[in-house]
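Number of protein chains: 2
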Amino acid sequence: MAKKTAKMTYYFGKTKTEGRGAGKEILGGKGLNLAEMTGIGLPVPPGFTITTVVCDQYYKLGKKLPASLMDDVAKNIRTLERELKKGFGDAKNPLLVSVRSGAAVSMPGMMNTILNLGLTDVSVEGLATATSNRRFAYDAYRRLINMFGDVVMGIDHHHFEEAFDKIKKKYKAAEDTDVPEEGLVELVTAYKAVYKKHTRSAFPQNPIDQLRLAVEAVFGSWNTTRAVRYREVEGIRGLLGTAVNVQAMAYGNMGEDSGTGVAFTRNPSTGKNVFYGEFLINAQGEDVVAGIRTPQPVVEMRKWNKAVYKQLLEIKDILENHYRDMQDIEFTIEKGNLFMLQTRTGKRTGAAAVKIACDMVREKFIDEKEALLRIPADALTQLLLPSFTPAGKASADVLTQGLPASPGASVGYPAFTADEAVERTAKGEKVILVRKETSPEDVDGMHSAAGILTSTGGMTSHAAVVARGWGRCCVAGAGEVNINEKSRSFTVNGRKFTHKSLISIDGSTGEVMAGSVETSTPTLSGDFSKVMRWADKYRRLDVRTNADSPADAKRARDFGAQGIGLCRTEHMFFEGDRITAMREMILSETEKDRRKALKKLLPFQRKDFEGIFTAMKGLPVTIRLLDPPLHEFVPHDEKSQKELARTMGISPAVVKARVEQLHEFNPMLGHRGCRLSITYPEILEMQVTAIVEAVIRCKKKRINAIAEIMIPLIGTAAELKLLKGKVQETIDAVKARRKYTGKLNILIGTMIEIPRAALTADEVAEHAEFFSFGTNDLTQMTFGYSRDDINSFLPDYLSQEILPVDPFQSLDTTGVGQLVDMGVSKGRSVRKGLKVGICGEHGGDPASIQFCNEVGLDYVSCSPFRVPIARLAAAQAEISK
Amino acid sequence: MAKKTAKMTYYFGKTKTEGRGAGKEILGGKGLNLAEMTGIGLPVPPGFTITTVVCDQYYKLGKKLPASLMDDVAKNIRTLERELKKGFGDAKNPLLVSVRSGAAVSMPGMMNTILNLGLTDVSVEGLATATSNRRFAYDAYRRLINMFGDVVMGIDHHHFEEAFDKIKKKYKAAEDTDVPEEGLVELVTAYKAVYKKHTRSAFPQNPIDQLRLAVEAVFGSWNTTRAVRYREVEGIRGLLGTAVNVQAMAYGNMGEDSGTGVAFTRNPSTGKNVFYGEFLINAQGEDVVAGIRTPQPVVEMRKWNKAVYKQLLEIKDILENHYRDMQDIEFTIEKGNLFMLQTRTGKRTGAAAVKIACDMVREKFIDEKEALLRIPADALTQLLLPSFTPAGKASADVLTQGLPASPGASVGYPAFTADEAVERTAKGEKVILVRKETSPEDVDGMHSAAGILTSTGGMTSHAAVVARGWGRCCVAGAGEVNINEKSRSFTVNGRKFTHKSLISIDGSTGEVMAGSVETSTPTLSGDFSKVMRWADKYRRLDVRTNADSPADAKRARDFGAQGIGLCRTEHMFFEGDRITAMREMILSETEKDRRKALKKLLPFQRKDFEGIFTAMKGLPVTIRLLDPPLHEFVPHDEKSQKELARTMGISPAVVKARVEQLHEFNPMLGHRGCRLSITYPEILEMQVTAIVEAVIRCKKKRINAIAEIMIPLIGTAAELKLLKGKVQETIDAVKARRKYTGKLNILIGTMIEIPRAALTADEVAEHAEFFSFGTNDLTQMTFGYSRDDINSFLPDYLSQEILPVDPFQSLDTTGVGQLVDMGVSKGRSVRKGLKVGICGEHGGDPASIQFCNEVGLDYVSCSPFRVPIARLAAAQAEISK
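Protein chains in written order, with our numbering: chain A, 1 to 881; chain B, 1 to 881.
No lab work stands behind these hints, which were simulated from the structure alone. Just so you know, not all the hints are guaranteed correct.
Intra- or inter-copy, both count: the list cannot distinguish identical chains.
As the list claims (entries may be wrong) - Below, a list of computed lysine to aspartate or glutamate pairs in the DMTMM-like style, where the Cα atoms sit at most 25 Å apart:
no.	residue 1	residue 2
1	K530	D558
2	K700	D139
3	K554	E854
4	K496	E660
5	K436	E660
6	K607	E570
7	K735	D637
8	K347	E766
9	K596	D796
10	K393	E480
11	K735	E320
12	K496	E589
13	K739	E175
14	K826	E769
15	K303	D317
16	K64	E162
17	K272	E300
18	K826	E763
19	K436	E589
20	K826	D762
21	K172	E437
22	K192	D90
23	K726	D796
24	K496	D71
25	K192	D156
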């Protein structure tokens, strides 16, 4: 039986439209849209698509086109010629085409467009005749030779540039457009010489040869290193190859009756249902983009050509009806005739995404699930925090870029100490606290400031963590900012800024800008609440928050958090008297002295917990026992050390020696987390006592406090067994001491943040009532990356595409995810239904939430301002399952 | 059908010996040996063993003895009474027994011995009569009440102590032995009161009751927390329980015709085949151990009782013939009658182990495989490096303990700078270099010194790593040593030592001692070579070495290394001019300047590699590309920074700024390893160029250089793919430049030391021609332990048995091992037969080598001095498979 050959080309045009049922996989995205638009009767320059199947065959044949392809192509060209009454290579009225690649998914790295294909020494004169514009014809021809030479034949672009520069010099032309017709004719000759020199053959004078070479080049671009790597990184598999779109050219630059434009079917910035766009008379598409001439609002077309404008409005409705989404369209008017060149789903702001999705549900275009999938979860940040306006950003004077440590936008005058920030804010000034790094003593100043900028420290530095908790804008680790505290100024790349220089910082990008950049403050719409309600209806994952204070807890609860997934206790030790007591504890030489100091801390901790339980009443609060190395709590400068020594009545040398002793080469891998509780069990006892006493106090006030005690940094089951026993003993002891006989139902669980804990999760789960993945540390250890030091090589890793994304922002599902998956299944293998969550910062990242949903986590926990994002992302994950 | 009840007790004695075929699992180790000795006709005090099966039943019955057990016990007691013509509880000639636990494997934490069981108020007088020694009888009785009260009834020992103290005071007795007979009679009354007070019942006056309670106590001790924990940690599973041994007492303290002794059938120190031991006349076993009286050499027994001595010698031969191994025996002579109390395999030094194993093969006791299993691989260290003599250590004045950074023993005068060490050594003095920490500038001094002592830094500090490479003794991180370089002295816990104070350091234990402790220097025997030959015959694993210089390489080759598994290149940059060029490279701001500096380094590197290839000709040399963070190479003190600035003609501020910029919070997780090659590919290029040029030079001299290039710290396949490409390009470029057309066969592989690399080993293996597990880093990251900081909590972890052993010394097979296993199988799943080795320091640890053999590694690599150990351990792993 003869093998049936698959259809290799699909025509679209007035004559026939073949592609509508063929699907994206065969036609590519662009090809399908062209067929669709033609099919629903829109005016599209006709053409045809060579399928992805042919691309696959091309590689199977050892990079050869299938034998009959060019016959097929020739047939399509003939159909085109008939339909348009033009001839390919014709000396009077030549048919010119564009050639574009287009796979099923949009993919950078593949071949760009070739325009004006079909021009030869003969047909260029035909074009000149047909358009009565010889300059235009030669300009098109030189563009073809350049693009073809560059893209198809691999001639370096600068060779053409050099030739052009000579011509420009000769004609004393400043711009390309200043070169007269004869210059362009000369240029074509020069370009052809360049082409010949580098390819050792003349520029092809047969249009079909041009087309064949172009098709081969498109297919070749499917397997460039960059394209292959992109597919690897993005996990794009199972595609046959790229399609090739060959389409008749349409020109918007043929006179005052021609033009071109781009538009959105609704306002992409606000989402309002009004046609929105721009157009330019007598221009090509690239002129609109290049911004050389100022385009007019699309509504002005009414005055220029009412019929065309009406037609465009009709097409807008047809497209929205057809695609059931806001479209981004490109169109050209050639001598009064409208042609649609492209339609695609339009990009939009977060606010617009919410409004359009809700409107379209009302308009019955889509249902709730579809609406939820239409809103990029991350874009909700724009609805919750101030941001710089696009216009403001476009003209901003960017000084340097640090780390985007806490999102938001803020504008203010630099304050160089915390005290200064407090004072000046009190006087009504808006200030940005600018410090090398912040320390616990700076919290008041940080709270007063509109934003925080540090020159060292990473995404987990003190400044970054504290700022995120508050939703305060922060740029950290801006290494090029050199601060001189004494002179109240800083310099960036030689430019000096004082306490009187207004600056702007963008916590979402890390940019530091001179002057005041325009910001916009969001107001939450009814549509936002509606989207959140829908999200809650469809998601399976619970969403908790990471919060350390009653205020944060309340804010997160308002944002819809269903509990606290991570309540860090260390920040509680930094304020006022507490830090002194904490330091006394650390400097104690005996257990007895440590207990004495801890006794002072107990009432503070109890009060903190009581406040948080009250704010979260009825919802679970997961409290992590002390985690950071003790070195973080002691003073490092001589002055503070002396002060502490005086308070404690010991010699400054003793303080200094202890501080030095606590110094570690790699504190991230040092004496911290549960290791502290093993060596100083009295710290654990104090913390658990405070928790239990707070729970009992709440219960007595009829406040339903639900505490979960989380032991950090477990690496072995033996650690957890020992410490769980100590926690339980302490709970029992407090209950006995307080004569409380009711049930407290305090769960005792652990963080899984050490690779070994995930690898041995079956052993660990024997002693854990819940797991919470600390994916910040888990990522650090699985990759061997210190988050605070990664900036020295991460930029290279991202630019060389060794990493697709910063693994601290989005969970590495291949490696770290393997451990998470292993931890969940091993844990549940010994403890059925074990409650498992995530409290690393990935808990607020949509892609990571998708993964968490897949591997069966019970909840994600994230910073208060990301709770709405997580709710939406969780719903999307479940809907798209 | 009635269920057949298993036999519950096994008698051993003249009447009958039941236990010989029953096996260790049923009788326990001690019970089996007693049965064996009795069975082969040796004089053993008769008795019986209650089986481990009964222990199992005891627990199954809810901690109750099986109904018929005590009938069985009574029958055995009657047999004993008949055989010995004594009566249990008899008023004239009482039978007394000891009760001991004994499982199939020796296990600390279980019940100790109870002696003299059977004494009551009645039988104590019988014992007095029978021995004509009332003091002896009451001394035995008070010991029973004390032991029984403490061990069986759980009365705290100090309650008895207090009662004894009162009696001693009353009789003005300094020692227990000074208390007269009437005092002991009073003491018994007092002890009975203590017993009654704490147990609320009288001391049992029926011997059978005493025995029942003692048996229950032994069974109870099987499940104490400590015993359970011990079995968990040691992975002891599947045992039924402990046996109980009830044995007639024999007394060596019944007069001048009685005595007791311990002996080894061969010399346990040298292995020489001579009977070796000590005995004491009129004494109990514990007197020999306690050292109150000085025992005589066992050979002196000839003069005291020739017949007994002759009998003992015969027994010695019988035991060696029977057990085919050197035995450690205990015996007692009661009124001229010899009784054997115990025999067990004797502990021995490394030298003795080698000699005895070889002798026993010659004597045809055992075969080669058995001989190899008999030698603890680790003990070979004693044969290769100087060590302190046991006598020297016993009386040493230990000042403090640091980390055992590099084994060996050394004695010398402190030198406080490298220059001083060089100078004084040149003058013939033996010095120990005492530094806070060492740095690359110190290498000459380190090489001159007999040993190195540092007060900070861990097992991977500069001092430790360099010292291990040289086999130089080093104690690191001795935190209690306070060094004052200016005054040329240090203090330890208040004691001061100057450059004139002789000190001794033990690199195998970390001890720092005052004065000169006696050392012994090993000489390698013919037996050692024989053992190595046998080991090579039976092992499957290859053994390579970690060596960075021709001298190390040669030494390792002499020790039998089959290649270099890890040649670190960083140490090569520390000497003389090199470090200056290295620093210039690091301080360069442009790639061009870096290349200029690297050009200076190239000839040095090439020469290093040429030397190593020449030393290892015909054997593979795995070279790791630059690994440590650049910060390690720059000067940190102001003076050196200024010097460097002068050399480079730049400002000291620039040097300082760059040094600060290179500082990392967690350098272990920072910009190092392959991350350097990604950001500064020119470093990789220089190193690969040096390697390839060295290979070509060697080949031209007909030296077969086999290079393997190893890329460190790979975490993603993308890194390796990129860098492998760069390495290959460089190889090709050098070949072309040198016009070398032959094959070089340079393999390109990677270290697996990042958890993620193991997790994604299938992806990584696509680009790797070999894997080498860097288990130092892998352990650091899998556990989240910084090896340099672990000392702040490791001691607690070991003492609380959270970790069975330091995971940096012996591979954690549960966690880290899981990643190794995964790495091997995932790697080989895509690349069949992938060569896989290990180059972490675990490569020299016998237990870890066993694991490496199990998971199918091809080779282990370790420091030169551990090569023989690894060869033996590899053979043992394969033989015991």
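Out of the numbered hints, which ones does the structure contradict? Hints 2, 3, 7, 8, 11, 13, 16, 21 and 24 are the ones this structure does not satisfy, whereas the remaining hints hold.
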